[in-house]
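K.L.:
Protein chains in written order, with the numbering used here: chain A, 16 to 125; chain B, 2 to 875.
By construction, these hints were calculated from the structure, which means they are not laboratory data.
By construction, the Cβ of each residue, glycine as well, lies at the ideal position given by its N, Cα and C atoms.
A couple of the hints might just be wrong.
[As the list claims (entries may be wrong)] Derived list of chain A stretches under chain B, where covered just means 3 residues or more per stretch with a C-beta under 8 Å from a C-beta of chain B:
no.: 1; segment: 57-63
no.: 2; segment: 92-105
[What the hints assert, rightly or not] Non-contacting residues of chain A with respect to chain B, defined by C-beta distances greater than 10 Å in every case (computed):
no.: 3; residue: H26
no.: 4; residue: D71
no.: 5; residue: Q120
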Amino acid sequence: MSRKSLPAITHLQFLVIGSLLSSERPGREIRTLIAAYGIQRSGPAFYQMMARLERDGLVEGWYEPLVVRELTVKERRYRIRPAGAKAWAAARAFYEAVALAAISQGWSNA
Amino acid sequence: MPDRWAQWFGRLLPERLRTEIFEPAWSDLRIAHLISGRRRPPFAAHAAVLLIECWALGLVEAFRFQRPNAPPKERLNMFLQDLRRAFRLLFREPGFTLAAVITLALGVGANTAVFAVVEAVLLRPFSYPEPGRLAILRHRDQQTGVSKDFIAMGDYVDLLKRQSAFESAAGYGNPHPTIFGAGDPFRADGLAAAPGLLDLLRMRPALGRTLQPEDARPGAAPVMLLGYEFWQSHFGGDPHIIGQAVKVDQAMHQIVGVAAPQFQFPPDQRTDVILPLTVPLQAPAQRKVDWIFAAARLKPNVAIEQANANLAAVSRQLQHEFPRSNQGSEYFAVSLRDALVGETRTALVLMLAAVGLVLLIACANVANLLLARSLSRRREMAVRIALGAGRGRLLAQLVTESLTLSLTAGCAGLLIAHWGARALVALAPKSLSVAGLTNVHIDSGVMAFAMGITVATTLIFGLASALAVRTAVAAGALAGAGRVTSGAPMRRAASVLVAAEVALAVVLLIGAGLILRSFSRLLAVDPGFRTDDVLTISVNVPAARYRDAVARQALFQRLFAALRAVHGVREAGAAVVTPLTGNHWTVTLERPEHPVPPGERPPEVGWQLASSGYFRALQIPLLSGRLAEPGDRPNGRLVVIISDAIRRRFFPNEDPIGREVKAGDQKALIVGVVGDIHRAGLRDEPHADMYFPLEQLPPFSVTLFARTRNAAPSLQQALRSIEPNIVLVETRSMADIVGDSVEITHLVLWLLAVFAGIALALAAVGIYGVMSYVVRQRTREIGTRVALGATQGDIVWLVMRYGVRIAAIGAAIGVATGLAAGRALGSMLYGVSPADPITLAASASVLLAATLVACYLPARKAAAIDPARTLADW
Numbered sequence: 016m017s018r019k020s021l022p023a024i025t026h027l028q029f030l031v032i033g034s035l036l037s038s039e040r041p042g043r044e045i046r047t048l049i050a051a052y053g054i055q056r057s058g059p060a061f062y063q064m065m066a067r068l069e070r071d072g073l074v075e076g077w078y079e080p081l082v083v084r085e086l087t088v089k090e091r092r093y094r095i096r097p098a099g100a101k102a103w104a105a106a107r108a109f110y111e112a113v114a115l116a117a118i119s120q121g122w123s124n125a
Numbered sequence: 002m003p004d005r006w007a008q009w010f011g012r013l014l015p016e017r018l019r020t021e022i023f024e025p026a027w028s029d030l031r032i033a034h035l036i037s038g039r040r041r042p043p044f045a046a047h048a049a050v051l052l053i054e055c056w057a058l059g060l061v062e063a064f065r066f067q068r069p070n071a072p073p074k075e076r077l078n079m080f081l082q083d084l085r086r087a088f089r090l091l092f093r094e095p096g097f098t099l100a101a102v103i104t105l106a107l108g109v110g111a112n113t114a115v116f117a118v119v120e121a122v123l124l125r126p127f128s129y130p131e132p133g134r135l136a137i138l139r140h141r142d143q144q145t146g147v148s149k150d151f152i153a154m155g156d157y158v159d160l161l162k163r164q165s166a167f168e169s170a171a172g173y174g175n176p177h178p179t180i181f182g183a184g185d186p187f188r189a190d191g192l193a194a195a196p197g198l199l200d201l202l203r204m205r206p207a208l209g210r211t212l213q214p215e216d217a218r219p220g221a222a223p224v225m226l227l228g229y230e231f232w233q234s235h236f237g238g239d240p241h242i243i244g245q246a247v248k249v250d251q252a253m254h255q256i257v258g259v260a261a262p263q264f265q266f267p268p269d270q271r272t273d274v275i276l277p278l279t280v281p282l283q284a285p286a287q288r289k290v291d292w293i294f295a296a297a298r299l300k301p302n303v304a305i306e307q308a309n310a311n312l313a314a315v316s317r318q319l320q321h322e323f324p325r326s327n328q329g330s331e332y333f334a335v336s337l338r339d340a341l342v343g344e345t346r347t348a349l350v351l352m353l354a355a356v357g358l359v360l361l362i363a364c365a366n367v368a369n370l371l372l373a374r375s376l377s378r379r380r381e382m383a384v385r386i387a388l389g390a391g392r393g394r395l396l397a398q399l400v401t402e403s404l405t406l407s408l409t410a411g412c413a414g415l416l417i418a419h420w421g422a423r424a425l426v427a428l429a430p431k432s433l434s435v436a437g438l439t440n441v442h443i444d445s446g447v448m449a450f451a452m453g454i455t456v457a458t459t460l461i462f463g464l465a466s467a468l469a470v471r472t473a474v475a476a477g478a479l480a481g482a483g484r485v486t487s488g489a490p491m492r493r494a495a496s497v498l499v500a501a502e503v504a505l506a507v508v509l510l511i512g513a514g515l516i517l518r519s520f521s522r523l524l525a526v527d528p529g530f531r532t533d534d535v536l537t538i539s540v541n542v543p544a545a546r547y548r549d550a551v552a553r554q555a556l557f558q559r560l561f562a563a564l565r566a567v568h569g570v571r572e573a574g575a576a577v578v579t580p581l582t583g584n585h586w587t588v589t590l591e592r593p594e595h596p597v598p599p600g601e602r603p604p605e606v607g608w609q610l611a612s613s614g615y616f617r618a619l620q621i622p623l624l625s626g627r628l629a630e631p632g633d634r635p636n637g638r639l640v641v642i643i644s645d646a647i648r649r650r651f652f653p654n655e656d657p658i659g660r661e662v663k664a665g666d667q668k669a670l671i672v673g674v675v676g677d678i679h680r681a682g683l684r685d686e687p688h689a690d691m692y693f694p695l696e697q698l699p700p701f702s703v704t705l706f707a708r709t710r711n712a713a714p715s716l717q718q719a720l721r722s723i724e725p726n727i728v729l730v731e732t733r734s735m736a737d738i739v740g741d742s743v744e745i746t747h748l749v750l751w752l753l754a755v756f757a758g759i760a761l762a763l764a765a766v767g768i769y770g771v772m773s774y775v776v777r778q779r780t781r782e783i784g785t786r787v788a789l790g791a792t793q794g795d796i797v798w799l800v801m802r803y804g805v806r807i808a809a810i811g812a813a814i815g816v817a818t819g820l821a822a823g824r825a826l827g828s829m830l831y832g833v834s835p836a837d838p839i840t841l842a843a844s845a846s847v848l849l850a851a852t853l854v855a856c857y858l859p860a861r862k863a864a865a866i867d868p869a870r871t872l873a874d875w
């Protein structure tokens with residue numbers, strides 16, 4: 016087994032960045048998506064996390080206009096950046112390696 | 002709208018918090034609520050929670066700053082430690098705490114109370130779907146400059162056909178029909194709805210059906226809808242009410258539906274019953290005989306300005322096509338909110354600005370108290386810094402202390418606001434009919450406002466405290482804590498704060514002074530008639546019994562005689578238009594011998610229908626000719642009495658008596674000239690008025706005027722003795738009507754005077770505080786001066802000179818600001834300029850007098866300093 020370092024991102028960040036791998040998304044959609052995994056975050060708490068990801072260069076955010084009921088509002092959208100994709104791949108490799116090790120070495124608490 | 006205030010509070014957040022957290026979260030919240038279609042109250046509550054959470058995250062960030070790598074538990078412990086220390090401080094210095102909390106609570110409470118009223122009147126959405134698209138159509142006469150709430154029937158029909166800015170428009174009226182069969186006969190508040198009005202308002206009936214266009218056709222069977230609350234209160238919410246008949250005025254009306262709960266239109270009036278209003282399908286030849294109110298719903302994405310451009314174009318078409326009736330007639334639309342709020346908006350915004358200034362003064366005062374307290378805490382801070390406490394750690398502690406103080410004051414402020422809002426509503430004139438004013442309460446939006454200003458004051462105090470900390474560090478307070486004598490930067494800071502307080506107080510004093518002068522000028526206006534000892538009673542004559550004009554005329558004569566027979570009644574009469582109630586009814590006037598050229602519109606003059614007793618009761622002088630006489634019968638030749646302004650304008654060098662004029666489409670003989678009066682209001686210049694005799698054109702509804710000091714019941718009894726079925730609508734004294742006509746100015750005067758008084762007191766306390774601080778700071782210097790031979794008078798002058806200099810600088814800034822701010826009062830002023838030198842000088846003088854009093858006590862204390870003792874302590 017090749018040497019793997021611990022992931023540089025948290026489980027929640029892994030989930031959020033993962034959701035952006037396939038396409039860019041609005042922030043509220045990401046919130047809904049992570050809520051499906053049982054992770055509830057208020058708007059301010061969620062965007063504080065996203066701001067940190069942006070500051071770390073893992074994702075990129077911008078505003079886009081959205082028309083709802085004839086009113087134009089701006090919506091925050093995010094896309095993944097190369098550093099984010101790299102960090103996510105590294106974390107995934109770590110989780111896979113741990114999973115494989117668990118299977119091959121028969122780790123169990125049963 | 003919660004959007005505005007939430008965004009406004011959002012702007013107060015630090016830049017990073019606002020852009021990174023608040024703005025995206027706020028966008029999401031708006032999108033979610035727009036999609037769900039829900040607005041209030043969840044939206045307001047969610048917005049408030051969002052703001053609080055953003056601020057809380059900001060504070061957590063600040064605590065992270067004190068020790069970035071500290072584990073959360075340790076950070077929590079530090080926060081709890083600061084919180085305990087903050088509470089201990091509150092109790093350790095009860096005098097300081099009480100002064101600061103009372104000052105702040107007054108500021109927060111007054112602001113929240115006024116905001117509660119503003120929210121209810123200006124911000125709370127109406128209960129109709131998409132209320133922002135609702136508008137009221139109005140008419141402006143470019144000849145006279147007078148705007149009217151109603152529009153001519155002929156123009157109404159054409160406007161509706163030709164306009165393209167509104168999805169729909171429909172006329173309405175607000176009749177007050179007499180309802181029989183639901184207890185005693187009584188006068189109800191009704192809505193007469195032209196076809197399409199209820200659809201335009203999106204009214205869905207709770208029971209039965211809404212009105213159909215067929216209901217308003219001439220000859221259709223009379224039908225009506227009941228207001229929901231009226232149905233509950235007068236018919237016990239009978240579910241089988243549909244199909245039953247009720248007598249309204251003189252006709253039986255079948256109930257076809259019950260309106261939606263809480264439905265009323267206009268929103269500031271009750272709607273007990275809704276009746277169909279018949280309007281012609283084609284514009285009548287006499288375009289300006291009947292008048293009607295009209296409401297409209299803007300098409301989606303059409304702004305009111307675009308609608309007005311469209312209405313202006315249609316108005317020009319009508320002017321071109323019908324110059325004789327429409328020359329100078331311009332139609333325009335105002336939003337439903339603006340139409341209802343009227344001049345109350347200016348008064349409310351003014352109040353909000355005034356209490357905002359009071360809060361700023363309160364904040365400056367508390368900041369000064371904190372600065373003074375920081376003097377005694379310099380050693381403590383210096384020790385903490387020496388022991389390694391970082392800037393962030395101290396800042397976090399000071400913010401916690403400020404927050405504790407602010408939240409305590411905020412809670413007290415909410416209590417004050419609860420009572421203050423009630424007091425404000427109680428102070429509002431009874432004649433003032435503004436939607437929302439009866440439903441003022443401290444809801445989530447208002448609480449968010451209170452929370453917002455509390456947090457804002459926390460920031461201001463935090464800044465003051467941080468300044469003090471910086472000063473402590475810079476001064477090396479640990480080394481010289483016992484011997485510091487100057488503290489110049491802090492003294493400067495305190496002086497700047499006091500000067501700002503003084504400036505703000507002067508602005509408020511100027512505002513109150515200008516309104517006071519306006520009010521006194523208004524009260525000094527001679528309306529042209531006597532207002533004392535006049536009682537007015539509005540009555541409706543039973544229409545069925547007095548269909549014939551001669552019968553009505555005979556009834557009025559009997560009513561006048563009955564009133565005159567009451568002991569103490571010196572004169573009695575009647576008129577249709579009650580003076581000083583804003584009425585601008587007009588009629589065209591033309592001299593047959595000088596006809597208006599074809600294609601031009603005859604000039605308009607004021608219209609009134611009055612009996613001869615009306616002039617005598619109000620003591621409007623008869624200048625020449627005669628008033629109406631018993632010989633002026635309904636079927637006789639129409640006579641008219643003109644005001645002196647008409648004589649001057651239309652008969653400049655001739656005697657008008659015996660001349661014939663054409664008023665509207667009627668010819669009338671001038672028989673008398675009476676004095677000019679202020680008819681619509683005291684602020685209006687007297688217009689030319691034409692009085693038609695009530696004896697010849699007796700109406701169904703009039704206002705009776707009796708010159709008497711008697712109480713109303715004896716007069717009402719006399720009227721009922723003549724006609725038991727007469728409906729007595731309203732009884733008021735003429736003095737009350739005069740009072741109501743200037744009530745808004747009166748209310749603004751009261752509130753501004755109260756706020757200016759508070760501001761003056763706070764500024765005086767601030768000056769006293771800073772002078773006491775200065776005296777403490779300069780104790781040794783003063784002691785030295787006394788030792789060197791300075792007299793008590795020299796010391797008093799030394800201290801007072803310092804205080805007066807600060808106050809003079811503040812007053813100068815205040816006067817300059819007041820000059821600019823006075824323009825905002827423009828529409829509320831009467832007979833006084835915003836730059837009135839007497840008001841400016843008086844305001845500055847009052848403030849300087851308060852300054853002298855506030856400086857005198859510390860000056861006396863300074864003069865009593867014992868030089869031997871102070872020099873021994875050196």
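K.L.:
Hint by hint, where does the structure go against what was stated? Just the numbers, ascending.
P.N.:
2
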